[in-house]
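Given chain A's structure and the hints, the job is docking chain B onto it.
So the sequence lines, in the order shown, correspond to chains A and B. With the numbering used here, letter number 67 in the first sequence gets 67, and the count goes up by one each step, no holes. Residues are numbered in the numbering used here as their position in the second sequence, beginning at 1, plus a constant of 1000.
There could be a bad hint or two in this list.
Looking from chain A toward chain B, a few residues come up when the C-beta cut is under 8 angstroms (computed) [said to hold, decoys possible]:
#1 Ala2
#2 Leu9
#3 Val47
#4 Thr58
#5 Leu128
#6 Leu132
Hints in this document: simulated from the structure, not taken from any laboratory. Backbone N, C-alpha and C define an ideal beta-carbon position, used for all residues, glycine too.
Residue strings, one per chain:
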Amino acid sequence: MASRILLRLISESLLPAAAVFFAKVITVVFLIQWFGLAWGINTLSAVPGIAFSDLATTIFVNSYSNLVMLLVVVIGLMWVLVKAYHLHDTHVSPSFVLQLLSWNLTGLLSNSSEIYHQGLVWLSYMWLVTLLTGFQAYIGTNYFWGFGFALIVSLLATWFFIADVEREVFGNGNSN
Amino acid sequence: MATLINIGLTMALMVIMVLPVLGGYFLINTQSESGVVAGVHTVSEADVSILPALEEFKGYTSFKPQPLSGGQYQDVMGLTVFQRQKAAYRGIYSIYNTSTETLSIELSTVGWAKGSEELGLDRLVVSLSEGEHSQTLLGDRRVGATLVLVADPSAYKPDELVLVGEELTRVVAVSPNGLVVTPLRVDHLQGEEVYRSPIVLSQTDVLNPLTRVIQIAPGDRATVTAVVWGGVDSSGQNAMVELPLTFKIKVVR
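In isolation and in its complexed conformation, chain A is listed as follows (with noise of 0.2 angstroms):
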């Protein structure tokens, strides 16, 4: 039978998936936009897109749209990290449970897998921009600086994610 993980995974994986491609568009749209940028479709590429009159200014959309791809991606990972440190229903305090009630709000709480395939997800996604950042400035299309920005980021994120899982495995600080 259909593997429940991947079939959870593929769910989770489509709203990213949509996020961080648009982001990426609209970010384009918007630079040129604001800025008047010369371009065009590159035609006599194998893959058309979207050409500017000078490298400078590639480089520049380029860095300035990968960085916002992350910022999305980034700000999605700390929903899931925010639900698995203070929403996940393995170690919410019974208190804040009864605020959320109040509220109305106790659909906010989420369970291991639903947050860790989330967070996978997330993280894939970040790690995949990092490694495309890397590479664009390994070939001079974008700032150093942009991909040491998104490997500081993606670090500090694993951590974070890495740490709730350890908590929740080997409980508060406690070992088997």
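Chain B alone, transformed into the frame defined by chain A:
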């Protein structure tokens, strides 16, 4: 059978994960050569001709031009500075639009390459213009005056920097009679030149690193004028200063 299904699901997951990121990568074309991208025209040597005045000021100027690349032409312009005198190098560059599209041009500098700290120099100005190098004052102006009389005030814009003689000031408003500027700090005589948004340098500082952007229609030309005011140098010798210049040229869409 289950294995095959799950392998298929794994592949689907990989595609869903990778596709938007790859889509973002290919969205912007980063591998095209300048000037060969369909729909985007980067200026090449076939579109513009930048001619330094090699003969007109022979012996008093020097040039170290770089080939036009990516819409930028770079040169190190050398000018002779005469002690206690003003030297005007009118038309030190002529820029011809040899393409079929309108081009925009802007000059910039990062500061002195060499020379200024070793001799007396009061001010150096580099001006870019479509036609006449500059306009002139139509009447004397005293300290504190705010109206500068020129023949064609409509050519100027509010908030632009202008050089009146050796004084850098800013246009506050444009009236049919002349330019309303921030109060002048020195007297100016009729006939002094008024330059629009020039590059301005003192002996030690870059007071304004950019000229205004001008547009040249196909077949038209622009000119660059450099004016230098020599000060007093202990050696009493005339000397040459060198100024790096960058011409940024783009096609106007």
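Structure-based check of all given hints:
Evaluation of the Ala2(A) hint against chain B yields a held restraint, the C-beta minimum of about 5 angstroms falling below 8 angstroms. Interface hint at Leu9(A): satisfied, since its Cβ lies 5 angstroms from the closest Cβ of chain B, which is below the 8 angstroms cut-off. Interface restraint check: Val47(A) against chain B, minimum CB-CB distance 5 angstroms, threshold 8 angstroms, status holds. Given hint, Thr58(A) at the interface with chain B, holds; its Cβ is 6 angstroms from that chain's nearest Cβ, closer than 8 angstroms.
The criterion of a C-beta within 8 angstroms of any C-beta in chain B is met by Leu128(A), whose closest approach is roughly 5 angstroms, and the hint holds. Annotation: interface hint on Leu132(A) holds; nearest CB of chain B at approximately 6 angstroms, less than 8 angstroms.
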